[in-house]
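A.B. asks: Here are the chains, one letter per residue:
There are 2 protein chains.
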Amino acid sequence: MPFRKVPALTVSRLSVYHRALSTLPDEWIISSEEISDLTGYTAAQIRRDLTYFGQFGTPGRGYIVAELRQRIGHILGIDQDWKVALVGIGHLGSALLAYQGFCERGFNIVAAFDNDITKIGKKWEGIVIEDISRLAESAVEKDIQMGILAVPAKAAREAFDLAVAAGIKAILNFAPVRLTPPEGIQLINVDLAAEMERLSFFLARSRS
Amino acid sequence: MPFRKVPALTVSRLSVYHRALSTLPDEWIISSEEISDLTGYTAAQIRRDLTYFGQFGTPGRGYIVAELRQRIGHILGIDQDWKVALVGIGHLGSALLAYQGFCERGFNIVAAFDNDITKIGKKWEGIVIEDISRLAESAVEKDIQMGILAVPAKAAREAFDLAVAAGIKAILNFAPVRLTPPEGIQLINVDLAAEMERLSFFLARSRS
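Sequence order for the protein chains is A and B. If you're matching positions, the first sequence starts at 1 in this note's numbering and goes up one per residue. If you're matching positions, the second sequence starts at 209 in this note's numbering and goes up one per residue.
If you're looking for bench data, these hints aren't it; they were derived computationally from the structure. Every residue, glycine too, gets a C-beta built ideally from N, C-alpha and C. Hints are not guaranteed to be accurate.
[As the list claims (entries may be wrong)] These stretches of chain B come out as covered by chain A in the derived footprint (C-beta under 8 Å, 3 or more residues):
| hint | region |
| --- | --- |
| 1 | 231-241 |
| 2 | 280-287 |
| 3 | 337-349 |
| 4 | 354-364 |
| 5 | 370-381 |
| 6 | 386-398 |
[As the list claims (entries may be wrong)] Calculated lysine to aspartate or glutamate pairs in the DMTMM-like style (CA-CA distance at most 25 Å, straight line):
| hint | chain 1 | residue 1 | chain 2 | residue 2 |
| --- | --- | --- | --- | --- |
| 7 | A | Lys169 | A | Glu183 |
| 8 | B | Lys377 | B | Glu338 |
| 9 | A | Lys154 | B | Glu242 |
| 10 | A | Lys119 | A | Glu137 |
| 11 | B | Lys350 | B | Glu366 |
| 12 | A | Lys154 | B | Glu333 |
| 13 | B | Lys291 | A | Glu195 |
| 14 | B | Lys327 | A | Glu125 |
| 15 | A | Lys154 | B | Glu338 |
| 16 | A | Lys122 | B | Glu333 |
| 17 | A | Lys169 | B | Glu275 |
| 18 | A | Lys154 | B | Glu366 |
| 19 | B | Lys350 | A | Glu195 |
| 20 | B | Lys362 | A | Glu67 |
| 21 | A | Lys154 | B | Glu403 |
| 22 | A | Lys154 | B | Asp245 |
| 23 | B | Lys213 | A | Glu125 |
| 24 | B | Lys362 | A | Glu125 |
| 25 | A | Lys123 | B | Glu333 |
| 26 | A | Lys142 | B | Glu403 |
| 27 | B | Lys362 | A | Glu137 |
[To be verified] In silico contact screen, one side only, chain A against chain B (beta carbon under 10 Å); selected entries:
| hint | residue |
| --- | --- |
| 28 | Arg61 |
| 29 | Glu104 |
| 30 | Val128 |
| 31 | Ile132 |
| 32 | Asp191 |
| 33 | Leu192 |
| 34 | Glu197 |
Whole structure, please, built from the sequences with the hints as guidance.
C.D. replies: Laid out in structure tokens, this is it:
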């Protein structure tokens with residue numbers, strides 16, 4: 001399959017299609033119109049997204065649920081499990097450790113790190129919190145491929161550099177700071193407080 | 209102040225600037241170059257973002273930290289507290305209830321709702337979980353202005369409609385489904401599993 005540049009939004013929508021398909025029986029045949037009903041995206045958008053990855057289904061007949069789900073799962077890389085390191089076990093980090101939505105999708109948090117000596121060695125959700133200085137060593141031992149950073153802004157750059165030095169190539173960052181990833185490293189930023197502040201900005205502005 | 213259309217990314221960056229300023233003493237004077245060092249955004253970007261909201265600081269001298277923080281806080285609407293309803297107390301909802309990052313920024317989750325009768329009436333993080341059918345009533349009683357949806361995809365549209373019917377005008381949706389907000393409703397989608405899947409897509413693709 002030739003590698004075409006795939007828009008980030010297409011990848012995000014594939015995730016949504018995959019989860020919609022996961023609610024249906026394997027042997028069903030489904031049209032893009034029916035996937036549209038399930039997801040809210042238009043049938044044309046769904047067909048366009050799938051064309052990036054070759055031929056799917058039978059024109060005019062639809063897709064076999066199990067087959068489409070399996071192929072999208074393979075494209076997303078979720079037909080395998082991934083080992084994830086969580087860095088920063090504060091309020092958000094603890095919540096993320098307890099959140100089972102990652103695990104359900106094959107993202108297993110297998111190691112947790114902090115620099116607070118009162119936390120190191122403690123067990124949380126079945127995982128012993130390690131000293132951040134052990135990240136590189138532990139990443140090799142545990143074959144860790146992904147990192148989640150849930151550290152304060154001022155610690156984010158150091159944590160990011162440590163994760164990259166540990167050979168982790170895909171990082172989800174929750175710290176409210178802009179990090180510049182080197183070539184070959186995939187970085188995605190999620191800023192929950194900023195999302196809430198986009199809402200309060202809207203509310204404050206709409207009544208002033 | 210005339211209302212110019214403000215890009216969503218400008219609003220997100222204002223959040224980042226505000227949090228960077230919150231780490232500094234009130235009386236300090238700071239330049240856009242120094243804010244750049246703290247946040248990773250360029251000084252030109254920072255100045256451009258601020259121009260949407262009038263005159264800040266003294267040209268060539270910089271900004272007084274307390275003043276800039278206060279003004280950005282006012283623009284973002286976080287110089288006041290907001291009352292938030294959380295709908296859906298599954299894995300993610302429970303984690304969000306325990307997460308104190310919202311509360312620290314003035315977003316107080318004051319009510320929680322579910323449709324699972326085994327959860328209704330139970331207390332979690334000091335909040336009694338109410339029946340989702342009580343949303344409208346409770347929103348009025350508790351003066352709720354914002355909603356967070358942490359329900360499964362198949363329940364998202366109904367939960368969204370109930371929140372809108374309850375007079376909630378700003379909603380953060382964690383369910384992996386596309387919702388179409390009516391006029392005057394601000395909807396922001398956050399899909400954590402999809403973000404992880406953008407990472408695994410990258411990893412799977414880069415080694416195939």
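A.B. asks: Decide, hint by hint, whether the structure agrees.
C.D. replies: To see whether the hints hold, each was checked on the structure:
no.: 1; hint: 231-241; in the structure: violated (count 1)
no.: 2; hint: 280-287; in the structure: holds (count 5)
no.: 3; hint: 337-349; in the structure: violated (count 0)
no.: 4; hint: 354-364; in the structure: holds (count 3)
no.: 5; hint: 370-381; in the structure: holds (count 4)
no.: 6; hint: 386-398; in the structure: holds (count 7)
no.: 7; hint: Lys169/A - Glu183/A; in the structure: 10 Å, holds
no.: 8; hint: Lys377/B - Glu338/B; in the structure: 20 Å, holds
no.: 9; hint: Lys154/A - Glu242/B; in the structure: 14 Å, holds
no.: 10; hint: Lys119/A - Glu137/A; in the structure: 19 Å, holds
no.: 11; hint: Lys350/B - Glu366/B; in the structure: 21 Å, holds
no.: 12; hint: Lys154/A - Glu333/B; in the structure: 28 Å, violated
no.: 13; hint: Lys291/B - Glu195/A; in the structure: 15 Å, holds
no.: 14; hint: Lys327/B - Glu125/A; in the structure: 22 Å, holds
no.: 15; hint: Lys154/A - Glu338/B; in the structure: 38 Å, violated
no.: 16; hint: Lys122/A - Glu333/B; in the structure: 22 Å, holds
no.: 17; hint: Lys169/A - Glu275/B; in the structure: 40 Å, violated
no.: 18; hint: Lys154/A - Glu366/B; in the structure: 40 Å, violated
no.: 19; hint: Lys350/B - Glu195/A; in the structure: 23 Å, holds
no.: 20; hint: Lys362/B - Glu67/A; in the structure: 22 Å, holds
no.: 21; hint: Lys154/A - Glu403/B; in the structure: 23 Å, holds
no.: 22; hint: Lys154/A - Asp245/B; in the structure: 11 Å, holds
no.: 23; hint: Lys213/B - Glu125/A; in the structure: 45 Å, violated
no.: 24; hint: Lys362/B - Glu125/A; in the structure: 28 Å, violated
no.: 25; hint: Lys123/A - Glu333/B; in the structure: 21 Å, holds
no.: 26; hint: Lys142/A - Glu403/B; in the structure: 23 Å, holds
no.: 27; hint: Lys362/B - Glu137/A; in the structure: 42 Å, violated
no.: 28; hint: Arg61; in the structure: 25 Å, violated
no.: 29; hint: Glu104; in the structure: 8 Å, holds
no.: 30; hint: Val128; in the structure: 20 Å, violated
no.: 31; hint: Ile132; in the structure: 20 Å, violated
no.: 32; hint: Asp191; in the structure: 7 Å, holds
no.: 33; hint: Leu192; in the structure: 6 Å, holds
no.: 34; hint: Glu197; in the structure: 4 Å, holds
Hints 1, 3, 12, 15, 17, 18, 23, 24, 27, 28, 30 and 31 from the list above are not met by this structure, while the remaining hints are.
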